[in-house]
Amino acid sequence: MTPVPVEDAAVAEGLVRMRELAGALSDVERGGAGLRAAPRPSDAILGLVGPPGVGKSSLISALVRRARDRGERVVVLAVDPSSPMTGGALLGDRIRLAEHATDPGVFVRSFASRGHPGGLSAAIPAAVETALALGWDRVFIEPVGGGQNDVDVVACADHVVLVVSPESGDDIQALKAGILEMVDVIAINKADRPGASTLRTMLRSQWRGRGQGSIVLVSAADGTGLEDLDDRTREVGDGDASRRDAALVSAVLNDASVALRASLADATLRSAVIDLARAGDRSAAIRHLLEGARHA
Amino acid sequence: MTRVLLAKPGLDGHDKGIKVLATILRDAGCEVIYTGLHQTPQKIALAAVQEDVDVIGLSMLSGAHVDLSRDVIEQLREAGLGERPVIVGGNIPLRDVALLTGLGAAAVFPTGTSYEEIIGWFAALPTATS
Numbered sequence: 003m004t005p006v007p008v009e010d011a012a013v014a015e016g017l018v019r020m021r022e023l024a025g026a027l028s029d030v031e032r033g034g035a036g037l038r039a040a041p042r043p044s045d046a047i048l049g050l051v052g053p054p055g056v057g058k059s060s061l062i063s064a065l066v067r068r069a070r071d072r073g074e075r076v077v078v079l080a081v082d083p084s085s086p087m088t089g090g091a092l093l094g095d096r097i098r099l100a101e102h103a104t105d106p107g108v109f110v111r112s113f114a115s116r117g118h119p120g121g122l123s124a125a126i127p128a129a130v131e132t133a134l135a136l137g138w139d140r141v142f143i144e145p146v147g148g149g150q151n152d153v154d155v156v157a158c159a160d161h162v163v164l165v166v167s168p169e170s171g172d173d174i175q176a177l178k179a180g181i182l183e184m185v186d187v188i189a190i191n192k193a194d195r196p197g198a199s200t201l202r203t204m205l206r207s208q209w210r211g212r213g214q215g216s217i218v219l220v221s222a223a224d225g226t227g228l229e230d231l232d233d234r235t236r237e238v239g240d241g242d243a244s245r246r247d248a249a250l251v252s253a254v255l256n257d258a259s260v261a262l263r264a265s266l267a268d269a270t271l272r273s274a275v276i277d278l279a280r281a282g283d284r285s286a287a288i289r290h291l292l293e294g295a296r297h298a
Numbered sequence: 016m017t018r019v020l021l022a023k024p025g026l027d028g029h030d031k032g033i034k035v036l037a038t039i040l041r042d043a044g045c046e047v048i049y050t051g052l053h054q055t056p057q058k059i060a061l062a063a064v065q066e067d068v069d070v071i072g073l074s075m076l077s078g079a080h081v082d083l084s085r086d087v088i089e090q091l092r093e094a095g096l097g098e099r100p101v102i103v104g105g106n107i108p109l110r111d112v113a114l115l116t117g118l119g120a121a122a123v124f125p126t127g128t129s130y131e132e133i134i135g136w137f138a139a140l141p142t143a144t145s
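Chains W and U, in that order, give the protein sequences.
Here my numbering = 1-based position in the first sequence + 2.
Here my numbering = 1-based position in the second sequence + 15.
Keep in mind that the hints were calculated from the coordinates and are not lab data.
Quantities reported herein were computed from a predicted structural model and do not represent experimental measurements.
Incorrect hints may have been included.
Unchecked claim - SDA-like cross-link-like pairs, simulated, lysine to any residue; straight-line CA separation at most 25 Å:
#  : chain 1 : residue 1 : chain 2 : residue 2
1  : U       : K31       : W       : I97
2  : U       : K58       : W       : E74
3  : U       : K34       : U       : V112
4  : U       : K58       : W       : A69
5  : U       : K58       : W       : A11
6  : U       : K34       : W       : A69
7  : U       : K31       : W       : R98
8  : U       : K31       : W       : E101
9  : U       : K31       : W       : M87
10 : U       : K34       : W       : P83
11 : U       : K34       : W       : G137
12 : U       : K58       : W       : G137
13 : U       : K58       : W       : T104
Chain W on its own, in the form it takes in the complex (with noise of 0.2 Å):
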């Protein structure tokens, strides 16, 4: 065994604690049910969503630099989309956490979305819970780059951060009716651009129910704002049940149809449904389907 370097000491007392982590996640993705936290702050998780392109990974890579600063010690769960035609995925999230790639208390786990909708994969929930229970102090969950169906995240974070940029201004009309009404901050990312406050000024008038406060500009390249955006993520929820009820809801709809799409495995089944789907008979189709489910 070749002796470690002086300076590696602290990579490798790490080391021990993202094996554990890492082999921990790998069984929650496989479908174990992994560990539950003991009580946590309040403010342990944070969910940054938003289309692609905006800047999350950036964002969430200056947010970690601050909770190191602080001594926390971090988990970035990122999921990207995998492809409905073959299953494959390509994962890009951690090229913008590299900053962060020697620092033993940054761990960063790529996940792919393994056909699930709602902006998650199935295994997030629990990967959040295993993560603080095996003593991670804050974790981030990047969903996948989307719209305003994408709510998953909010039944599972403390906080939930909507990211847009100055180029992102159209886009705002495709989230406004769902993950608009979700999140508790909104950041205007690449700040520094032409466009930013005007924006700010058009989503103050149509965001309704969280406080003008809560939206703020920020540059993850240059620093502005994020001292703001921080606190913001750090204050204690307001427990807006009604909001985590609604995407809780959600998500379960989506683990539904993950396992109605999973007894369509059987041919005998999943012929008889697209036989009625295709005969014009969709309800005749649902329930042939969640009839067959219920005996699979």
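Keeping the supplied structure of chain W fixed, place chain U upon it in accordance with the hints.
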């Protein structure tokens, strides 16, 4: 589901090859984690630990493939992942292939290797069916 970490160690900015590889492996049904340019052997080993991957793939067009492969394999061993296969691709002179497998590389795919050959190697992995 096979999880693969793809990395470019060292000071080599040529990432066309590894991006093509990432795409064909994705299309072959793998979950591919790409870590970006300029990775040190230590960073690659830590990423492999965190992602708990089945395979570590290195792409090098810099000429430093022997030293870097040796370092990555050593770091993986120290991190407790000595049994995970490491595959090496890129601008590898044929005379270095045996040298790399001697260092512990599970497979070497020099310039000119067909997609079919690489996908075939992955299809033969025990994880490919799970």
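Tested hints:
Note on K31/U and I97/W: the hinted pairing holds, with a Cα-Cα distance of about 16 Å set against a maximum of 25 Å. Restraint check for K58/U and E74/W: satisfied, since their Cα atoms lie roughly 21 Å apart, inside the 25 Å limit. At roughly 22 Å between alpha-carbon atoms, K34/U and V112/U fall within 25 Å of each other, so this suggested pair holds. Proposed proximity of K58/U and A69/W is supported: the alpha carbons are some 21 Å apart, at most 25 Å.
Under the criterion of a C-alpha separation no larger than 25 Å, the hint pairing K58/U with A11/W is consistent with the structure, at around 15 Å. With a C-alpha separation of about 32 Å, the suggested pair K34/U and A69/W falls outside the 25 Å cut-off, and the hint is violated. For the hint pairing K31/U with R98/W, the CA-to-CA distance comes to about 19 Å; that is within 25 Å, so the pair holds. Between K31/U and E101/W the alpha-carbon distance is near 23 Å, which keeps this suggested pair within the 25 Å criterion.
Using a Cα cut-off of 25 Å, the hinted pair K31/U and M87/W holds, with the two alpha carbons roughly 24 Å apart. Taking the CA atoms of K34/U and P83/W, the gap is near 17 Å; set against the 25 Å cutoff, the hint holds. Distance restraint check for K34/U and G137/W: the Cα-Cα separation of roughly 36 Å exceeds the 25 Å cut-off, and the hinted pair is therefore not satisfied. With a C-alpha separation of about 23 Å, the suggested pairing of K58/U with G137/W holds against the 25 Å cut-off.
Between K58/U and T104/W the CA atoms are separated by roughly 6 Å; this keeps the pair inside 25 Å, and the hint holds.
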